[in-house]
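2 protein chains.
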Amino acid sequence: MKASDTYAVEPWCLRETRLELGDLARSESLFALSNGHIGLRGNLDEGEPFGLPGTYLNGCYERRPLPYAEAGYGYPESGQTVINVTNGKIMRLLVGDEPFDLRYGTLRAHERTLDFRTGVLQRCVEWVSPAGQAVQLRTQRLVSFTHRAVAAIRYELQPLDTASRLVVQSELVANEELPRPHADPRVAAVLASPLVPEASDVRALSAELVHRTRLSGLRVAAAMDHLVDTPSQVSTDTTHDDDWARTTFATRLEPGQVLCIDKVMAWGWSQARSLPAMRDQVAGALSGAMHSGWTGLAREQREHLDQFWECADVQIEGDAELQQAVRFSLFHVLQSAARAERRPIPAKGLTGPGYDGHCFWDTETFVLPVLTHTVPHATADVLRWRQDTLPLARERARQLTLRGAAFPWRTINGEECSSYWPAGTAAFHVNADIADAVVRYLAATEDEEFEHDTGLELLVETARLWRSLGHRTLEGRFRIDGITGPDEYSAVADNNVYTNLMAARNLRAAAGAAARHPRHAARLGVDADEVAAWRDAAANVIVPWDEVLGVHPQSEAFTAHERWNFDDTPPENYPLLLHYPYFDLYRKQVVKQADLVLALHLCGDQFTSEQKRRDFDYYEGLTVRDSSLSACTQSIVAAEVGHLGLAYDYAAEAAFMDLHDLEHNTRDGLHMAALAGAWLTLVHGFGGMRDHGQHLAFRPQLPEGIDRLTFGVARGASRLRVDVMPQEVAYTLMAGPGPLTIAHQDESLTLVVGDTVARPIGRRPRHPRPQQPPGRAPVRRRTQDPSTHE
Amino acid sequence: MKASDTYAVEPWCLRETRLELGDLARSESLFALSNGHIGLRGNLDEGEPFGLPGTYLNGCYERRPLPYAEAGYGYPESGQTVINVTNGKIMRLLVGDEPFDLRYGTLRAHERTLDFRTGVLQRCVEWVSPAGQAVQLRTQRLVSFTHRAVAAIRYELQPLDTASRLVVQSELVANEELPRPHADPRVAAVLASPLVPEASDVRALSAELVHRTRLSGLRVAAAMDHLVDTPSQVSTDTTHDDDWARTTFATRLEPGQVLCIDKVMAWGWSQARSLPAMRDQVAGALSGAMHSGWTGLAREQREHLDQFWECADVQIEGDAELQQAVRFSLFHVLQSAARAERRPIPAKGLTGPGYDGHCFWDTETFVLPVLTHTVPHATADVLRWRQDTLPLARERARQLTLRGAAFPWRTINGEECSSYWPAGTAAFHVNADIADAVVRYLAATEDEEFEHDTGLELLVETARLWRSLGHRTLEGRFRIDGITGPDEYSAVADNNVYTNLMAARNLRAAAGAAARHPRHAARLGVDADEVAAWRDAAANVIVPWDEVLGVHPQSEAFTAHERWNFDDTPPENYPLLLHYPYFDLYRKQVVKQADLVLALHLCGDQFTSEQKRRDFDYYEGLTVRDSSLSACTQSIVAAEVGHLGLAYDYAAEAAFMDLHDLEHNTRDGLHMAALAGAWLTLVHGFGGMRDHGQHLAFRPQLPEGIDRLTFGVARGASRLRVDVMPQEVAYTLMAGPGPLTIAHQDESLTLVVGDTVARPIGRRPRHPRPQQPPGRAPVRRRTQDPSTHE
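Chains as they are written, first to last, in the working numbering: chain A, 1 to 790; chain B, 1 to 790.
Don't read these hints as lab results, they were simulated from the structure. The structure displayed is predicted, hence computed values, not measured ones. Every residue, glycine too, gets a C-beta built ideally from N, C-alpha and C. Misleading hints may appear alongside valid ones.
Stated by the list, open to error - Across the chosen pairs, the derived CB separations fall in these ranges:
{"hint": "1", "chain 1": "A", "residue 1": "765", "chain 2": "B", "residue 2": "391", "range": "29 to 35 Å"}
{"hint": "2", "chain 1": "A", "residue 1": "73", "chain 2": "B", "residue 2": "391", "range": "35 to 41 Å"}
{"hint": "3", "chain 1": "B", "residue 1": "717", "chain 2": "A", "residue 2": "73", "range": "38 to 44 Å"}
{"hint": "4", "chain 1": "B", "residue 1": "391", "chain 2": "A", "residue 2": "571", "range": "25 to 31 Å"}
{"hint": "5", "chain 1": "A", "residue 1": "539", "chain 2": "B", "residue 2": "179", "range": "57 to 63 Å"}
{"hint": "6", "chain 1": "B", "residue 1": "398", "chain 2": "A", "residue 2": "391", "range": "54 to 60 Å"}
Chain A on its own, in the form it takes in the complex (with noise of 0.2 Å):
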């Protein structure tokens, strides 16, 4: 059955009103709670059944092995796997002499909310032992945004109908049986048990578990601790082994009757801290989280999300669904990293254990322009996080030959996990990403402490990168030969234009950065012909141009491959790569991803509008989207281009890509970009926010089909809110120490705080809708409007 199918649409939260035992993987993504330290997938509380159990520590990897069956110099040696921690979820429940298992017995009724202003996962259920007992569960999860190392539970039982005996066993489990192992007998021999006792402890009822892993050597600790309340006497009882403590609660109840227990857990892990520190540090998490107690822990909950809803929320008038979608999209981006702290926002945040845990540039690209003007602090955490990996990155450029910093392509720790290196560590624009990166969150807060103590560093050993990557060539220009783009379809190509073109704005940045901290860049060792060398390559570099056809070509030669047969291609034989060699991907022009066309969006300013055009037309002949790193920005450049219609195709998509499960991989955690991806659609896109200059600028369009788009947007210590229109836009400072100037269409305009500036919008020339290959259009948002202008 379909996602869409099983999930209410409501504005603020996603409710679910039937439980798909064959769907629970999807649903433990989507239903997943996190703080961006803690993650814990949607478990049901008691255990099992399952999609895949999941308790992540963001950073907490085990090593394993990384197999070659022909290795080669530089190769990574071995890669790092997010494991799945202790879980302290667990609440089991014995109703008479029965399990409480939903496989078994009548579910009577079920429900589970995600409140995304409370920040609390809901479930009710009514369910009838097979010995015909009734019991109503209540039960409230949260990972606090204001305590990093906490979660807890309210857990509320009570009997219909008859009294009952009941028993609820608490529990903290570790090393917990995983379904499908990874098909390297090695690895999963790696992965099977990765965490070895190290001590556990319980004392009246609470307990701690701590492990250490057993090849990375990241010491874990775990902890609960339970309040009790009910009318009816109870026995308590905790016990433990290495690997598992368990609290018990055994009451009988009348009906009406209602046992409460608040669960507060704690986590903690690190490679440096002793087992004492480590104990004592979750310990002392616990302490104060049951200072707060669930009550407390809740308000601070939902005090934390009030605030990010004030300047972040998105409206929509005239999509419910796409309302419910954005709002889902910010809420789990702000889960992924409003506590990660110097630590990696990973690929599917702490939802899944997809893409092993990794991090990617996706981060850089597509999550940190969301957070940079919704919660900016977020990106300094992941900025900084980058920078304490600099001396990796840069002993990965000296292995490479390179100088400077040549950042992993995927990893948890800074280290490159990437074993295939056409696709990995040929993908030198990760690089490029992070300093755009730098750039965007130093133009959106004028933080000039991160610059000269974080962002020039990550800028100047970026740069450094670029100059020895490039060469000059006799004529003076810059080359950059045999790298990959974006575009995972091709690899190892000369001249990518948005590699190109981003690393220009590298050096330039850096450039622009070395002179206004001369004396933090002289301490990096930055001279003046350094910075002379960085201006004179980004004005040389190279963009290659196709005159026959009027486009740019991806990266030099593309347009003269062969195009790809798309109409021999069978719908079943996407994603290409599951059913295409490498090889013949790689000759041929397909795209995976936007590419080309994520330069006309990040580097808009470096093409003309004509060039947009054309080149987004072209390319849209030619992508798939095997990616959920497309749709978005093929979205917000076909605004641009006025493709309108075609912009709110591909916004749905991104918006959808978990909520409709449109990959059939939400099971293994949500696409963090993708739905970063739709608030960019709707910003960037509809709203028409580019970020290229001194000011922000705004050119927004509505599509047929939203009536009414509003959005927050923080710089500085300004707020602005957009609120767009069909027929007209208005701007309003809702806060900030003074004035704001933003350029509208192409008129600059100075707000004040308090005031509101209404401007027209001009309707820009459509254009006739470009093809997609066969099969590969989006779904039209608007079925009734099957015109091919817009």
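Using the hints, position chain B against chain A.
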């Protein structure tokens, strides 16, 4: 110590008079015996010490997993590895109470001689046991050219000085423990003990063992029988277990009395044949060989080699080392091929386990040109093997979305074993190389039956591959994009000159063969349109040209790339692939092995003399020769463009590759292509032989240091001898069905059987010696000649 110090310089044999226990593995390769079906490394008769025990049967392999950290569509899931089959060459000896083991006691005299005319490896040892008992051991070993399944040993033993009790144990041993297990534990597990016992039996002085490989399911039978001759009384006994059989000879000899044991061994393997059939097969082979006896086998061996040398011998005056080396080379090339009979010729022949025993393009491009002009039937056999594997090559092409046949980059059984596609699958030139071998064989033999039965199908299926691999531009040009040429320091490039020219030849040859054999072609589904498409593609194939530099880029854009920084590359960083990532190598101008220069040789009719000279000089500055496949080609083209001294240096490098262990890996087996290359440098280089047109053409010229060069060439049923002196060349048609027309320089000569035609040699212009990358110039063959003009 240097290999060159160990062996005496003699014209017709390789003689070792000193045993270096640390260099055993190298000598085992140099002294390996093979007939192309069976290969025995030159292990000491007593089994140990050894460098690497080795008994190989051509085509007999075990499957092994090919692990990938990140797999991709079309990656081969399992590979093939040559296995060390049942060892029959062990003759253990007890002298008194002491095992004969050269690590103990005193070695009074040692000599091993591989005689290129008798095809027998002789050993003569005088050894004094730790207890003081001296013995003389003389052994002779051959792998029969005339009995394909048979090898034999004559073992002669006498006590010196005093009488002695002697026990000889003649063995068959399966699943020998090998040193250096594979790095991947799963692969090591598979290869540690690959043979599963099926049957074993003994009878009087004979024994047999039958095994089956665990994963590939090949049945391997080995058997031995003995004849003993001695003046004293001998007790004999034969016993066995699953993995071994042993015939024991116990006697007591007076000084001067000789114990002579003739041991005959037979092997067979099959995928299909039953256990009884395999037992009968080896028993039958054994009976046939026992009937000939040692003397008969040795006589037939000599006769076979006499015939070979009569046509194939190359005589060199002025350079005794090179004389020895070229005969050593020809002997091993013959050994690799003589009885291969529809089996591959692996890169290492059957002399060691290097490259997993795989066959590459080397066979067609380097080894077959030698065989075609010396032992033509061996070329036909190899190409028939390729034809036998066509079903697999067609399936591989389908998997790659191509038509026709895609032959594997490396294989034993015809399935692709390359796990790194940029340097494997993408190197499609192997298909053109096979087609080229067909064309060359047909030109040399005019073997019509082969043409319509085998050659045509190979040409057609490879032409189909090229037609589908390339594509037409709107301007009508034929492009072949995203492939890898011969140079392994570049990969996945567009319009590789070598590949494009060879593909064009392939297409033209297929068209020509189809036109000559329309009925056979029709059976392969070839019609006039297809033939026209081949001719048309061939006529329009792109050959990139760099206007500015006035040279051919190896592939499109190659000359735009950065030059490798040779100045900062220290000598210990060669070979580069062990010290720099592929990423870095691929994107820069640095050449591992002749690629464009190979095109200058093999497609020499497609370049002007001026282009050849300029191209050669340009690529000399970039070519580091980290491959044994380079020196011979550089030698040939250097000779053509007028760098005779340099050509001589490269010729020596090719010829001494294994004799002097230049790449420090002769221990793993001999470099068949380099050995073949030694012949090519003499015949194609200094003999100036080319085969582009209707007639064989010669343009001979000797370097200083070679006073005379004589070689034989088979052309159809004709046998030509060419006798080159500094000022003159003489052509003699030794045998043949009628007159033979050849070209000398630009003159056409028609030779009659028995006549000699002499012509003066025009001195061609010489040019300044080009520069190689620092430290990568070949060793000067004539150190007394420091001139840079040659």
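Hints and how they fare:
no.	hint	result
1	765(A) to 391(B): 29 to 35 Å	violated, 58 Å
2	73(A) to 391(B): 35 to 41 Å	holds, 37 Å
3	717(B) to 73(A): 38 to 44 Å	violated, 52 Å
4	391(B) to 571(A): 25 to 31 Å	holds, 30 Å
5	539(A) to 179(B): 57 to 63 Å	holds, 59 Å
6	398(B) to 391(A): 54 to 60 Å	violated, 49 Å
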